[in-house]
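Peer 1: Here the protein sequences come in this chain order: U and A. Under my numbering, the residues of the first sequence are numbered 1 to 509, in order. Under my numbering, the residues of the second sequence are numbered 1 to 509, in order.
Simulated pairs of lysine to aspartate or glutamate, EDC-like, Cα-Cα distance not exceeding 20 Å:
hint : chain 1 : residue 1 : chain 2 : residue 2
1    : A       : K18       : U       : D231
2    : A       : K113      : A       : D310
3    : A       : K67       : A       : E459
4    : A       : K18       : U       : E233
5    : A       : K410      : A       : E390
6    : A       : K22       : U       : E233
7    : U       : K120      : U       : E99
8    : U       : K22       : A       : D231
9    : U       : K487      : U       : D448
10   : U       : K18       : A       : E286
11   : U       : K306      : U       : D106
12   : U       : K18       : A       : E233
13   : U       : K426      : U       : E99
14   : U       : K410      : U       : E432
15   : A       : K22       : U       : D231
16   : A       : K410      : A       : E459
17   : A       : K96       : A       : D106
18   : U       : K22       : A       : E233
19   : U       : K18       : A       : D231
20   : A       : K487      : A       : D448
21   : U       : K113      : U       : D103
22   : A       : K473      : A       : D359
23   : U       : K487      : U       : E450
24   : U       : K410      : U       : D375
25   : A       : K18       : U       : E286
26   : U       : K489      : U       : E432
Incomplete in silico selection of chain U near chain A, CB under 8 Å:
hint : residue
27   : E15
28   : I29
29   : Q30
30   : P43
31   : A53
32   : P282
33   : A284
34   : D448
35   : E450
Think of the hints as simulated: they come from the structure by calculation, not from any bench. Owing to the predicted nature of the structure, the values given are computational and were not obtained by experimental measurement. Glycine included, C-beta positions come from ideal geometry on N, C-alpha and C.
For reference, the chains in residue letters:
Protein chains: 2
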Amino acid sequence: MESIYSGYPPELSPEQQKYLVKTAKDWAIQNGLAVRPSPTILPAGADPNGVLATNAPVTLFPSPFPKGCFEEANALQTAYNELYAAITCNEAWLGKIIEDLIDVDDFVSNLWKVHLAVQKEGYVQNLSLGLFRSDYMAHVSANAAPSLKQVEFNTISSSFGGLSSLVRSLHTELLTSPPSYPPHPLLQSGVPPENSAVETLAAGLAAAHQAYGPSKSTPSLPLGIAFVVQDGERNIFDQLAVSRQLTVHHHIPVFRVASSQILNQTSISNSNSARPLVYRPPHAPESAFEVTTVYLRAYYAPDEYKSARDWEARTHLERSAAIKCPTVLNQLSGCKKVQQVLAEPTGPDHLSAFLKGTDPGIIGRLRGTFAPQYDLSSHGQGRELALNLETAMHHVLKPQREGGGNNVYKSDIPEFLRSIPESDWKGWVLMELINPAANAKNVALRNDGEVLRGNVISELGVYGTILWNNAGKILHNEQGGWLLRTKGKEVNEGGVAAGFSSLDSILLF
Amino acid sequence: MESIYSGYPPELSPEQQKYLVKTAKDWAIQNGLAVRPSPTILPAGADPNGVLATNAPVTLFPSPFPKGCFEEANALQTAYNELYAAITCNEAWLGKIIEDLIDVDDFVSNLWKVHLAVQKEGYVQNLSLGLFRSDYMAHVSANAAPSLKQVEFNTISSSFGGLSSLVRSLHTELLTSPPSYPPHPLLQSGVPPENSAVETLAAGLAAAHQAYGPSKSTPSLPLGIAFVVQDGERNIFDQLAVSRQLTVHHHIPVFRVASSQILNQTSISNSNSARPLVYRPPHAPESAFEVTTVYLRAYYAPDEYKSARDWEARTHLERSAAIKCPTVLNQLSGCKKVQQVLAEPTGPDHLSAFLKGTDPGIIGRLRGTFAPQYDLSSHGQGRELALNLETAMHHVLKPQREGGGNNVYKSDIPEFLRSIPESDWKGWVLMELINPAANAKNVALRNDGEVLRGNVISELGVYGTILWNNAGKILHNEQGGWLLRTKGKEVNEGGVAAGFSSLDSILLF
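Okay, chain U solo, but in the shape it has when bound (with noise of 0.2 Å):
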């Protein structure tokens, strides 16, 4: 396996890189492969109006990644939906987990506060929807094909389906309109697989709208999807390829509404007792429509709840008519806590459990996924891996959040929990670090134009969507397109360190 990445990507002469930088950015703002540009490579005041683009950072060439692997983690998808589904629908299973982290993480409290009170109201909607993403990366080991192991499962706001596609189609025209590329055996293999990650989103969410049924408001209201979002979201066009999908192709109304702005333009009437959610566009103040839908791609992480009025504003979505993607405890099935409970070698059998109906040889490739992983609440074996300095090495330290920049590697695992009262560190997993390839390289195209190039790590992720009720029912269940995005291991260009975070695509080997 090593010997596919020695001498890949080729070697480009200044022409050569000259000409992919210049087809790639011209490329991704035709095709909409684009964000808003950060602050950090604007000067400031440049842009007053906020009209300004950027391509997304794009890697120059498709990466290899094992065919068994990427088959495999396209394979597993629908049982993963479904494994996830039926945690979210065990409360009594997720809350034993969910209260042990209550003390230790303030997010995850607040969250399952949030459950709470809509319970005790009384849930007035019994579908939920997830449209998951499941990351994996390549695990190589001596003398054994490559596996496929699973970094995290995303319940919430799982990004990049869009813009991933448009990479595909971009690394596609390049491989097919030679000379592009330096002659290259793996570049001359093929193409891409399809990426059919738009669609398959769209339509999760299209699934959802229909199976809302008719407005519950008295008159009857002209229905929705709302996309609740960051305000300045810069990632914005990974988004609108979703909702381009939705009004183009499924002819549904979707609304953007930012997480700031919630409490202000929908309400729910106190009169009806279905709730339903009304969202009144600040521009046409007089039309009125019912939301079928809400589709975070905000409210995901901690720093998202400034104020009250935050948790406010998730309390009232959480408690209205409308179907959640995800709800609270769909959220919080996504817990890193969760992850290393089903991944457990000894004690119950959770995975057959929860997937009663499934193929036992199924069940079996889903937990061949699990990369081994520790719980730090009490003395044993994942405390001794994550204190000694050798064995912590191998090991990477996750809070409870999705979506990295929290994690703590290797070496600093041990000074880090020394840093922290032993009380919190339930409030960690301890987790094998998957062992990539040494030897990938590629070159990437940051969104401020510079090029990087150096050894990378790439990161598979397969798109599923799942609509269930609370009973356990399964109303659409989807497995559909995917995600490489590739890091910088350690890329030192012109003597300055940097790391960079890429979308990328695959050639199969």
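Fit chain A to the supplied structure of chain U, relying on the hints for placement.
Peer 2: Frame of chain U, contents of chain A only:
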């Protein structure tokens, strides 16, 4: 007719304008309705790698346009195509007009020299391709339906087909997603007509590519189309819309060659009398392609010929075996003087002579689109009208150039003419001003995000493509797609006078 414009577009509340601006800005970047920002809207050094883009300037509303005029323009386009092909074929007729201009217009003179030089050596390609755009205004007169009057006929670098199709889609999406616009009867009357500009322009280029036949090189080379472009072109996404259609739909390789690089990147072997034009991509110099068709999106204006080397490059293209879009002669047929001679009310019936097989009814309708225009080469009606301030008020003075920006209007005409030698007057054509609807209004979003509103004048362009040989045989003749360009008449926003020219679309009435 005037009544349709009163009360249109509807007033916008601040929230309504905010919504339309935000939607248009984001839609533009998502769909490639974009331009690279000009240095005037960016601080110096803000974008060293040239990654930034912004929306093309667009109107927030489609503009009303008389249905009869729109249909007439479309109905006449293939006859116009044929007319300008026939003029180009009749070197004696065209040459007589050009020779009159040679001593007053260096640019026309130099183009003619290119033709003479290649003619002396002998042309090796008898096919010519025209990608034309005929520009009109709807002329309003008392007690009559609005009539279609031609502003100019473009025979080179006819632009905005790519972006114009996109503006039509943007306005269509806004119209079909209530409540995007405030209520107004016209906005509920339907959507802009289909706009097939991209398909039409690409099909014209593809027809030339096919007609070129097999490679003339030994050994034979793969074939492709070359877009000859300006260095640092900011309107690149307009061009990429056409090249994407060629590569994705027609599977024809397209190369972008900067006009400054023609002599470096293309060559004609001295030893091959067929003179195939060979392109070697700088990023893959070992690959060679034979250019079937040279599509000029450069070399249309005098300031693009900075040195003798540019004239050498133009001659190099002209003498090659590639089909030129356009040839030098075809470019020259777009001189204003040609338009004026065709429009002469007395003297020979040039139209009927050029359009022998054409229904006289069509020829009459073609003639009906001509605005009165006058020669200034000798004493007569033209000079009288131009030098009298009162009559000058109803006229525009045009040089031979296409594309605008060079015209002298109304009261400026007498003084301008007196400021130049009388011997140069024959380089200019006096044209009666077309009388557009006086109270048309719109709101424009500039590419720096500023919003301007006011009285506007709209110009309709209709695209046509024609492939013919120099014996006058027509191989391909199509009409399709349109452009509405809307300019501010007198815009005064916040005390600052500022003009705008925006891409627009059409609501027929």
